[in-house]
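Novice: Sequence:
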Amino acid sequence: MNNPTILSQTLSNIDWSKIASEITTYAKFDTNKSIIEQNPKVYEFESLASHFSNLNELIKKIDEIGSLHEIFFSNLRDNQENHNALNYISKAGVVTIDQLNFLANLIENLFPIKRTLNFGDYREILEDFINKTQRLKSKFINPFRKFVDADGSVHLEKHPIIAPLIQEQISLERRIRETINFILKDEDISKRLQMDTFDIINERFVIPIRSDSYRSDLGSIVARSSTGNTLFVEPVSTRKMANELIEINSKIDYALSQICKGYSEQISNDIQVMKDIYSFYISLDYTNTLASYSHAKNFCYPEISADGETIITDFYHPLIDECVTNSIELESNHKGIIISGPNTGGKTVSIKSIVISHLFFKLGLFIPAQKAKLQYKTDIFYFDSDYQDLEMGLSSFAGEVKVILGMLENIQNNSLIAADEIFNSTSSDEASSLAYSIINYVTHELGCDVLISTHHQLLKTKMQDNPDFLSAHVGYDFEKNCPTYKLAMGTPGSSMALEIFKRLSHEHSIPTKILDNAKKMLDTKYVTYEKLLQDLSRKQEKIDKTLRENKQLNFELKNQKKSQEGILFLEKQRAFDNYEKEIRKIIKGLNDVKAKSLSNEITHLSKQFEKLKPDHDEKKAKEEVRTVAKEIKQGHRYFCDRLNTTCVVSEIKGKNCIVEVNGKKITVPKNSLFDQQGIDRNKKAKPKNEVQINVFKTINYTTEVNCRGMRLSEFQQKVFSCIDDLRMGHIPYLIIVHGHGDGTLKKWLRNEMRRHKDLTWTPDEGNDGATRIDLVNNN
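If you count by our numbering, then the sequence shown holds residues 21 to 799, one letter each, in order.
Certain hints may be false.
Said to hold, decoys possible - Keeping only pairs whose Cα atoms sit at most 30 Å apart, straight-line, the calculated DSSO-like set for lysine-lysine is: (1) LYS48 <-> LYS38; (2) LYS80 <-> LYS317; (3) LYS271 <-> LYS738; (4) LYS134 <-> LYS317; (5) LYS582 <-> LYS391.
No wet-lab data here; the hints were simulated from the structure.
Please model the entire structure based on the sequences and the hints provided.
Specialist: Laid out in C-alpha cells, this is it:
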C-alpha cells in the first residue's frame with residue numbers, strides 16, 4: 021500500500037505542481053483538477069493493466085476524432101451547485117432547474133458515450149446505466165425537455181401549468197408599459213424627468229424624477245441615485261397593476277418550485293443509480309485527462325515487467341524542451357544504479373526523469389520515453405541534498421539524516437529509493453560508509469531498488485566492485501570542454517571539479533596559482549584515481565563518439581543502398597513504360613487497320629440495304645417535290661432540312677436567317693428553308709416573358725441597446741443577438757442599458773457574462789445602470 025507521506029514528499033521534490041498544471045488543462049471538472057494537483061490517484065497493481073489498456077483505446081479515439089470533451093461532457097456546467105445536486109435530493113431537498121438540467125444531461129450523454137467507448141468494461145457499464153435509467157427518461161427527461169433545452173435555456177411558456185400565467189404576465193406588463201409611456205408624455209411630468217424613459221427596480225416600474233422637482237402626488241419613491249439627484253418614483257396609476265404583476269410572478273415561482281419538487285422526487289427514487297452515474301463521469305473525466313495529456317506529449321504505452329527487468333529507452337524530463345534523451349537497462353539481479361560525473365553534467369535531471377517515469381507508471385500515465393518496461397514499486401521515495409533548516413537548528417547534513425531516518429521508518433518492501441548527491445555536506449569517507457550501509461540495508465533487507473548520484477570516491481569504488489549494482493556516469497566532451505548530458509553505463513566518472521573550475525575561471529581575472537595550489541594539496545592516490553576516471557571517461561567518450569559515427573555511417577550506407585535500389589527501380593520502370601508505349605502503339609495501329617476495313621464493309625452493306633428498302637423511291641420522290649421557299653418573311657414558319665424540323669424565322673441576315681426552335685435561336689442558310697403546307701403562316705411565336713427579381717438586404721448594427729422595461733425573455737434574446745454581432749466583428753463593443761438597482765435584467769446579465777470566458781464586462785463609465793461588454797483580446 022502506498023504511503024501518502026512519502027508520496028507527498030516525492031511529488032514536492034520533483035516539481036509536481038508544474039507537471040500537474042499542464043495535466044489539468046485537459047480536465048473538465050475542478051474536482052479532478054484539485055485531486056491531480058494535491059493528491060493524485062495511485063493505481064494498484066491489479067488494476068494497472070486494465071487501466072493502461074483503456075487509456076490506449078482512448079488515445080486511439082483522440083487520434084481518430086480529436087478532443088472527446090464535447091462527446092463526454094456536452095452541456096455539463098461545472099459548478100459546485102450542480103455537483104451537490106444529488107446530495108440535496110438524497111436529503112429530501114428540492115433542486116433548481118439548472119441542477120435538474122445537469123442531471124438530465126448526465127443521463128442523455130450516456131448514449132453518445134456508449135457509441136464512443138465500445139471497448140473494455142465500458143460497454144457493459146454503459147449498457148447497464150442506460151437500462152436502469154429508462155424510468156427516469158420517461159418520467160423525468162421527456163416532460164422536462166418540453167420546456168428546458170439541453171443547453172439550459174428555459175421556455176416556461178411551453179409548460180401547460182405555467183403557460184396561462186405567462187400569458188397573464190405578458191398582458192399585464194404590456195398594460196403597465198402603455199400606461200407609464202403615456203405618463204412620460206405628459207407635459208408636466210416631462211419637465212420633471214431626469215431621463216425620458218422608465219426603469220424597473222425591485223419589480224416596480226419607476227420613472228426618473230429630478231429630486232428638486234418631486235411632488236408626493238407623483239407617486240412613491242422606490243429608490244435614489246448614488247448622487248441623490250434622481251428619485252425613482254412609482255406612479256400611482258401603475259402601483260395596483262405592479263402589485264398584481266408581483267402576485268402573478270409569485271404564482272409562477274410557486275408553480276416552478278412545485279415542478280422542481282416533483283422532478284426531485286422522481287430522481288430520489290433512483291438516487292443510487294444517479295450517484296453511480298455521477299461517479300462514472302468524474303472517473304471518466306480523470307481517465308480522459310490522463311489520456312489527453314499522454315497523447316499531447318506523445319508518451320509511450322508502458323509494459324508491466326513480470327520478470328524483474330527495467331528498461332527505459334530514450335527517456336526525458338517532461339518539463340524540459342529539447343531535453344537530451346538517455347536509456348537504462350537493469351536485469352532482474354540488479355538492485356540499482358549509482359551515477360557519478362561532473363557537476364552540471366545532468367545527474368539530477370537523469371535521476372528525476374527516471375523517478376518521474378516510475379511515478380507516472382503508478383499514477384496511471386504513459387511514460388515520457390520511446391519505450392518503457394517497468395516494475396511496479398510499492399513506494400517511490402526521492403530526496404535531494406538540501407534540507408538545511410536554521411529555524412529548527414538543523415544543518416544540511418542533520419536535515420538530510422532526519423529525512424532519511426523518517427524514510428527508513430515508513431518505507432515498505434519493493435520500493436524505489438532515489439537520492440541526489442547523498443550526504444554531500446559532510447566528510448567524504450564517513451558519508452560513503454554511511455551511504456553504503458544504508459543502501460545495503462534497504463536493498464537486501466527490504467528488497468528495494470536504489471538510484472543514487474554521488475561525488476564520493478569511496479562510495480563510487482565500493483559500488484563499482486559490487487555486482488548487484490550498475491555504475492554510470494554523465495559524459496564530458498573534452499574537446500569542447502563541456503558536459504554532454506549523456507548517461508554512460510558501466511563505469512563511474514570523475515567529478516571534474518578542477519577542470520570545471522579551470523574552464524569557468526577564464527571568464528574572471530583569477531590567478532592561476534589558486535588552481536595549482538589546490539592540485540598540490542590533493543592526495544597522490546586521489547589524483548591518480550581521478551586521473552584514471554578522467555582517462556576512462558575520455559576513452560569512453562571516444563568509444564561512444566566512434567559508435568555514434570559508425571551508427572550514422574551505417575545508417576547513411578543503408579540509405580544509400582535504398583537510394584540506389586530506388587534509382588534502379590525507377591530505371592526499370594522507365595524502360596518498362598517505354599516498352600509498354602511501343603506495344604500499345606503497335607496494337608493501336610493494328611486496331612486502326614482492322615477498324616478501317618470493318619468500316620468499309622459496313623458502308624458497302626448499308627448501301628446495299630438502302631437499295632433493297634421498299635419505300636426508298638417513294639420517299640425520294642416526296643423529297644424532290646418539296647421546293648425551296650422563294651420569299652422568306654420574318655415571323656413565318658418553314659421546314660429546315662438542316663434541322664429536320666419546322667422553325668420560325670425571327671431575323672433575316674443576307675444569305676442567312678436566324679430561326680427559333682423550341683426557344684433556341686439558330687443561324688441557317690436561306691436555301692435550307694422550304695415552304696410548308698397546312699401551316700398557319702400568320703401565327704407568330706409567343707413572346708417569352710422575362711421576370712427580373714432584385715433582392716436587397718439592409719442590416720443596421722448598433723453599439724448601444726436600451727433594454728429598460730423589457731421582459732426577461734425579450735431581454736435575453738436581445739442580449740444574445742447583440743453578442744453575436746460583437747463576436748462576428750460587426751461592432752467594436754456593446755453597451756446594454758438595463759437600469760439602476762438590483763433589477764432582474766442586470767442581475768441576469770452579469771451572472772450570464774461570468775459564463776462567457778471570451779467576453780469581459782464593466783459598468784459603463786461608472787454608470788451602474790448600463791453594462792459595457794468587450795471581447796477578450798487573446799493576443
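Novice: Next step is simple, just say for each hint if it's right about the structure.
Specialist: Verification of the supplied hints:
1. LYS48 <-> LYS38: 19 Å, holds
2. LYS80 <-> LYS317: With Cα atoms ~14 Å apart, LYS80 and LYS317 stay inside 30 Å; holds.
3. LYS271 <-> LYS738: The given pair, whose Cα atoms are some 26 Å apart, holds under the 30 Å limit.
4. LYS134 <-> LYS317: Roughly 27 Å separates the two Cα atoms, so the pair holds.
5. LYS582 <-> LYS391: 27 Å, holds
Hint violations for this structure: none, all hints satisfied.
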